[in-house]
Amino acid sequence: MAQIREIIGAICTIFNGHCPGEISPESFRQAKFDMNDTTPTLWRTLHTVLCFNTFRPIDSSKHNLVNLCKHAMFQKGYKVTDFYNLPEDMSRGSRELMLALGWLMAKEDIISDLISRLEPLIFEDPPIHLYSNDKIPLPKTLDHDRGCERKGPKNPAHVAELLKLKYHKLSLALRSLLASRREYTRAICKLHSVPKGAKFSSSSHFSSQDIYFLCHPQELLKYEERVEWFCNYAKALLIWVANEATFWKWMTSVLNAKIHDAKQTDRKADTSNCQEDQLLKPNRILQKTKEHQVELSQLLHLQETTYRTISKHWKKAKVVLLQSCVQNNDDLSKHLMLLDNELQLQMTELQEGSINKCSKCWTQQTVPLCLRKVNQDQPRAGKASKEVSVVSQEIARLTKVKESLVYKMKTLQEKHKAKLYQVSHSHPNLICISSNMRGNGLSMADNNLPRHLICLCGIVVKMEDQVRFLARSCI
Amino acid sequence: MSVVSLQLGQCGNQIGGELFNLLIEDATKLNPQFFSKSVDSKVNHEYDCEVVERFFTRDKTGNSLNARAVMIDMESKAISQTLSQAKKSGKWCYPEGQQFCQKRGSGNNWAHGFLEHGPKSWERVLDMVQKEVEKCDRFCGFLIFMSLAGGTGSGVGAYITGSLRDEFPHSFILNQVVWPYGTGEVIVQNYNAILTLSHLYRCSDGIVILENDKLQNICSRLMNLKHISFKDINEVISHKLASVLQPVKLFSQGRDAGFYKHATSVRNLLGDLIEQVCPHPEYKLMTLKNIPQMSEKSLAYSTYTWTGLLKHLRQMLIADASMEEGIDWEVKIPVPSNPDGEDYHQRPGELPRLKTRFNKSIANLLVLRGVDVHKSDLASFTDPRLNASWVPSGCATTIWCHPRPFNNYEKSATLLSNSQTPVAPLNFVVQKAWNMFTSRAYVHQYLKYGMAEDHFVDSFAATEQIIKSYSSL
Amino acid sequence: MTQSIVVQVGQCGNQIGCRFWDLALREHASTNKNGIFDESLSSFFRNVDTRYKNPIDIPLGNSKQKIKSLKARAVMIDMEEGVVNEILKGPLRDVFDCQQLITDVSGSGNNWATGFMMYGQRYREQISEVIRHAAELCDCLQCFFLIHSMGGGTGSGLGTSVLNLLADEYTDVYRFTSAVYPSADDDVITSPYNSVLAMHQLTEYADCVLPIENQALVDICNKVSSALPPTKTGKKVYHQSSQCHIKASSAITSSDGGVKKGPEKPFDNMNNIAANLTLNMTSSSRFEGSLNVDLNEITMNLVPFPKLHYLVSSQTPLYSLTDVKLPPRRLDQMFSDAFSKDHQLIKADPKHSLYLACALMLRGNVEISDIRRNIERLKPSLHFIHWNQEGWKTGLCSVPPVGNPYSLLALSNNTCIRHTFGELKDRFMKLYKRKAHVHHYTHVDGMEASQFDSSIESLKWLIQEYETLEAQMGRTVEDIPRLKIA
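Protein chains in written order, with the UniProt record's numbering: chain A, 1 to 475; chain B, 1 to 473; chain C, 1 to 486.
Hints listed in this document are in silico derivations from the structure and should not be mistaken for laboratory results.
Computed from a prediction, not measured in an experiment: that's the story for all the values here.
C-beta: ideal position from N, C-alpha, C; glycine also.
Careful, some of the hints might be misleading.
Chain B regions said to be covered by chain A (calculated; three or more residues, Cβ under 8 Å) [stated by the list, open to error]: (1) 15-26; (2) 294-302.
Derived pair list, reagent style BS3-like, types lysine-lysine, alpha-carbon separation capped at 25 Å [to be verified]: (3) LYS88(B) to LYS460(C); (4) LYS258(A) to LYS32(A); (5) LYS42(B) to LYS261(B); (6) LYS91(B) to LYS226(B); (7) LYS42(B) to LYS164(A); (8) LYS166(A) to LYS468(B); (9) LYS261(B) to LYS190(A).
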């Protein structure tokens, strides 16, 4: 656990580099246990982190800050309702905030972003702010006439002149800038030509920075402080990079703590809720999926036996059917004829009902269709005749079996779908925690989950195929 | 930031020498009566350093000052004269080996200068210029002194300005040209002038015009000189130029004297000057008006207030007067309710006759130097009606100042203005040149050096365009 | 600094040339006190070390060398030996050396054809060689000054032949010709022929011609001598009040202070005037000043159309007063005189003719404001062509001429010259109508009768050109409208 303390310390250093003096490892510890004292700190930290890339004005009022953060988080796609339910007065919810922060850090990959933005502080030229000399007067810029521009010339020719003037002025200003640049280069060049004492073997010349600090000892102290800070900051980043996994493990524990708390507080809630709660835990999901898998395989096993019996029956039935079919072929055709006539009669009756001439055409077309239907309904037609008893009974039975199987499968499918839905619904909540983190425990689950789902889907599809095949074979 | 000067031809070399003399004279000498709280030895020292940095280099010993200048003439006399005069001053001299001269002058022939001497000299001149530029730690641009009338100043000057533009595309180039006397000093001056001007307009960033006629008037009426020599005229020119080119600070209304003591000077003087005064590529002509100007004798007995000076200067601007004497006080800026009377449609190239028309500007740069500069009220110069209607008021008037008195004047104000002032002399010159051209007089002298008549026509068209642009403000 | 070579041809040319070198030495001696061979000296002289058998040039260096021995950048050509021999015996002998000489014994017999065709052909190689030698000794040769007469045979014939040669071999070197025109009552009967034939060459090949009329020189001499204290002539025509003391040495005709001692020759006064013309014209390119005028600027400014390069010149003051103070009236008088009829070097009145252009070259203690003031003052009385109303070229040289605090040389391209040419034409036609003496010319090898016709055509054309221009005087010509910008 010493490692986790170190890395949390590192994170605090990193955040403090941008929002000084706000967050401490203690805040993290407290947040894990959902202590309320640290909530405002976390809100502010969250705000800072959210504002890394944008320059949002910091509104000091709690209300605004909270809403701002919630808004920003929503925009980023955070969908945990608990977070949005947090009160605006920052009175509670430190753990929820911690989780949100964790999510944000993972989602936006803030730390690596910060690393990429890291610029070396030690280089030849002193940073520009060292030069800042408010005594140097700046010439009037075009900004000055922004005011009168509004009431500027209306005449297009005048506008053209004005534009020409502005363009030329800009190009002249650019030339001044270039002159300054040249001047600067010359100055650097001159400085470099001053040989450095033999003591320093690293470089053979003074840098402009060296000169500057030689002239301004106070600035050197300030600069030293800055460099020191920078070192700490860089060190913190380094620790983070090395021990990221530990942090996420810790974060998982925070998450678990939350879920645990949620279970305890919502004990009275119904099982589905409980299940859902459990489902929220990735490990559980894994377990659950595995259970499902077992269930399904059992089901499959069961189906297989039924299938075997069905096929046995089917083989028998087929032989019998064939025989009877040959026997009853003539009768059947007769019956069919009768049936056809009957049908035709019925049709004509129906036709008579419709006076439209055009409909005749339609009936003529439908007749063979009907016939085909009738043909298809052969077993049923057979059923209609009293002579097809055994086969029809068997078929009926098989059909029933099939129907029950289909129904069973459908329910199973629906159930599964529901679960899938549950899983997918709760997915952003869980999957987020490690969305693009590399090589930590959660991501395993994360990565596996869809794979399992695909697996499941595959099984279901297979099952469907089998059932369909069965059904066909029944026919 | 440092400025490299190019002195071209006799006129350019004389003016350059005079200007450097004045710059260093002004920087090193300050009348003790002007020492005050806001102008103490520190301010003085800063001023001195800035002047030296901008226009001079110190040699290795650090004692003697070398002007950042390249001298170019096609004959040696003017250069050697200027060199010896600089040496005589004992305070500064020209850098060694930075003089380029040929043996034969350009003979007032622009084509000879532009087409023959220019290309022949360019390589060596470029070497010298490079060398001079490399001496600058902070180089910002070129200042070119030349006349419009002669052959060397104008022809070689135009060629070298164009070539410098190619070689240093990002540097600022400010040309100072001396406008010839209306009644000639060189007969082909009008040809030379329009040829030069049309070429400069293409490659220069700004052209400061100084008219010999007006300068002579200043000498005779303000300086009370009986026999006016070129030296006197050049002194007036250098006074005008130096009053702008010496160190300045950005003026901000309502500051106290202490503010200017600590304020940093305008760094990129040349660049800022051009950016402020010549912001539009079609308007590059500038004129200088300054006040007060008088002989040294009367200087001791006169005193001025800022209000009075600025009132005069403003009227000089709108009435287009070259000096404080004989200003037409009847010229007024029309009130907005009746902005343009019947005289709105004036012919291009013609200055408005009616008093309601005044000298309109593109942009103005006001430089104030001297005691109590912070107390001056500049509201009258920021009036947007002074300028063409499309010029954004924010960048029309720039004000620079320095609490240190300049050239022994307790208070002095200079206005570098990009206004309609040059239209009248330009129009005059074009008319003369056109008359001559339609008679084909002297044209053969130009064609001799490989110029085509089209070249003339192009230049006429370019100058007519300038006149039109300015007079349609 | 550029150099110039003086080519003096014929008797008249050599006499004027002789005076020129004398005065040039005087001038440099008065400005160059410390005996340093400087740039201004180098324009007309060489500094040679005569210790060697073949004297070698001492290079100008950085203008620090002492003067050893000055040699004139001159080429002397005559087809008689008299004048040249006299010069070589005279005090100026050290300035020339025999390499610069080309002489013959027989003379040209006042025949242009003999000079131009015969001697021109015969001596072409030799002349070319001598000139090349002189040119090689120049660092940057800018100008040839030809001095010759128009009436005689050698001056006009061989002189213009040399001009031809120069135009051929030194295309980018300017050719200024000081041509002395014969008086109407010239004793040489064929002088109109010679002048017209020579003028054809001048019109074609010279860059700039400064015609000098004998009669004008005589008149000026008379004027000066009448004002001078009555030492020789005893005539006292001019008012000679007590406060008006004239410095004899300041007169334009004087050669006081020159190397030459002893009695003055009869033509020396006149020749001094012609010699001063070249000196004053080159002063601004030799000495420093606040407004230099190089020699090429003269042609550039004064020749508006090709071939119309005949300049009327006048020099003032003719003499100066002993009074040291310079009342501006005197200065202004100098300007006024320069435009008066009797100060011109040809017998013509520029004031009543049309000015195409005018150059004012001032020396000495004069400022630009003086020039401006006088230009403004004189302008109303002068007629300038409509396209060149401000046709003034001004020059300021700070070194004054010897004996004067200041001086003015006015060069103008004025249509009044057509009268001189007109008279010449008339005299030519008078002879040519009768074909008098033509055979003397056609006898000479290479000379054809058509030369006469083409020459007189050329002169007629020239007169016509000037007349056309003068016709524009006072007329307001409608301007071609200027370019319009859409």
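Hint-by-hint comparison with the structure:
Look at the stretch 15-26 of chain B against chain A: 0 of its residues bring a Cβ nearer than 8 Å to a Cβ of that chain, fewer than three, so the hint is violated. Check result for the stretch 294-302 of chain B against chain A: violated, 0 residues qualifying (beta carbon to beta carbon below 8 Å, three or more required). A distance of roughly 58 Å separates the Cα atoms of LYS88(B) and LYS460(C); the hinted pair therefore is violated under the 25 Å criterion. For the suggested pair LYS258(A) and LYS32(A), the alpha carbons sit about 9 Å apart, so the restraint of at most 25 Å is met.
Between LYS42(B) and LYS261(B), the direct Cα distance comes to roughly 9 Å. Compliance with the 25 Å bound is thereby established for this hinted pair. A hinted pair counts as satisfied when its Cα atoms are at most 25 Å apart, and LYS91(B) with LYS226(B) does not qualify at roughly 30 Å. The straight-line distance between the Cα atoms of LYS42(B) and LYS164(A) is roughly 43 Å, outside the 25 Å bound, and the hint therefore fails. Simply put, LYS166(A) and LYS468(B) have alpha-carbon atoms about 21 Å apart, close enough for the 25 Å limit, and the pair holds.
Among the hinted pairs, LYS261(B) with LYS190(A) is inconsistent with the structure: their alpha-carbon atoms are about 29 Å apart, more than 25 Å.
Hint compliance for this structure: hints 1, 2, 3, 6, 7, 9 are broken, all remaining hints hold.
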